[in-house]
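Chemist: Below are the chains, spelled out letter by letter.
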Amino acid sequence: MSTTSQKHRNFVSEPMADKPVTALAGIGDRLGHSLMEQGYDKAYVVLGQFLLLRKDTELFCYWLKDVTAANSKQADDCAQCLKEWCDAFL
Amino acid sequence: MASLDNKSPQEISDLLDEYGIKHGPVVGTTRNLYVKKLKEAMAKGKKAKPSSDKTYYREEEEEVTYVYKTPTKSETSGDGGPYMRSRREWAEGEYGHDTSYSSYSSSRPEYRGRDLVNEPYMYDTPSTYSSNSYAKPTPMKSEPEKPKAQKSSRLIPLWLQFVFFLALAAFLYLVFSNMETNEPIQGIV
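Chain order of the listed sequences is A and B.
Letter 54 of the first sequence, counting from 1, is numbered 54 in our numbering, and no numbers are missing.
Letter 39 of the second sequence, counting from 1, is numbered 1039 in our numbering, and no numbers are missing.
Do not rely on the hints blindly, as some may be mistaken.
As the list claims (entries may be wrong) - If we take Cβ atoms under 8 Å as the criterion, some of the chain B residues that face chain A in the derived model are:
#1 I1012
#2 S1013
#3 G1028
#4 T1030
#5 R1031
As the list claims (entries may be wrong) - Which chain B residues stay away from chain A? Per the calculated CB distances, all over 10 Å, these:
#6 S1008
#7 L1033
#8 F1162
#9 F1164
Read the hints as simulated data drawn from the structure, not as lab findings.
Every residue gets a Cβ at the ideal spot worked out from N, C-alpha and C, and that includes glycine.
Generate the whole structure from the sequences, applying the supplied hints.
Modeler: Written out as C-alpha cells, the structure is:
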C-alpha cells in the first residue's frame, strides 16, 4: 500500500470547490504553471478532463504527460488523487 | 496509413474501438491524445485490426452467395440472405457426397478448391444468365474437384466407405436373391 502525501490527504478529504490546480497531489509550481497556461487554472477543470477520460487513471497519466512535462510519478499521484476524490464525492 | 488528422471524431472513436482501446468522447482536449494512442497501436500492430479481416471475410461471403444465387433463380424467384445459406449447402450436397459436405463445413473458412474454382467460372453466368449454360459445365467442373475434395480430411477414409457400400450391396443382393416367391423371378436369380 503506497503512502499518500499530506497534499493528497488534504485534497481528498473535502470537496475541491475553487482550489487551484496546484492543490492537486503531484502538481507543483512548475507543472501548475504549465497547466494554467493551457487554461487549466482550477482543480475542477483538471477534474473535468479526468472525467472526460472516463476516470481512467492510465489514460489520464498519458494525457498529463502529454500536455505537461510531468513524469510518471507526478502524473500517477495526480491521477490517484483525482480518482480517490471522485470515489468519495462524485 | 491513412492520415488520422483528417478523420472525424466518430471515425477516431471507431478506430479506438477496433484496437480495443477504452476511451471517452473525442473532443478538443482528448483528440490529440487518442490520435497518439492510435498511432502507437498501429505501430505495434495491436490485434492486427480485426475488422479488416472481417471485411475480407464478408467479401468472400458476398461473392459466394452472389455466385450461388443463379441456380436458385431457375427454381424460385425469391431471394434473401439467410436463404442463400441453405441453398448453398443444398448445392453442396448436389455436387459431392455427404463426406465432402462434412469436410466442407469443418473447413469453411478455408474455402477448399471447389469454391475458388467455381467463382471465376460463375462470374460469366450472371451476365449470360441462363441456367442451361450453368448446368452443363458444372458436372465437368465438379469432377476434377472430386479428387481434390478427397484429399481433405475425413473422419472415415473414403476407401472404407466404398468397402462398406459394396458389402451392403452384396448383402442386399443375397437377401433379395434368397427370397422365396411363387413365380420365378426372371433375369435376376
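Chemist: For every hint, state whether the structure bears it out.
Modeler: Evaluated hints:
The beta carbon of I1012/B is not positioned within 8 Å of any beta carbon in chain A (closest approach about 14 Å), and the interface hint is therefore violated. The interface hint given for S1013/B is broken, as the beta carbon of that residue sits about 13 Å from the closest beta carbon of chain A, more than 8 Å. Interface hint status for G1028/B: violated, as the beta-carbon distance to the closest one in chain A is roughly 10 Å, over 8 Å. A least Cβ separation of about 6 Å between T1030/B and chain A falls short of the 8 Å threshold, and the interface hint therefore holds.
With a cut of 8 Å, the hint placing R1031/B at the interface with chain A is violated, because the nearest CB-to-CB distance is about 11 Å. Under the 10 Å C-beta cut-off, the non-interface status given to S1008/B relative to chain A holds; the minimum distance is some 18 Å. Here L1033/B does not stay apart from chain A, with its beta-carbon only about 5 Å from theirs, under the 10 Å limit. Under the 10 Å C-beta cut-off, the non-interface status given to F1162/B relative to chain A holds; the minimum distance is some 63 Å.
Against the 10 Å criterion, F1164/B stays outside the reach of chain A, whose nearest CB is about 62 Å from its own CB.
In terms of the numbered hints stated before, the structure departs from hints 1, 2, 3, 5, 7, listed from lowest to highest.
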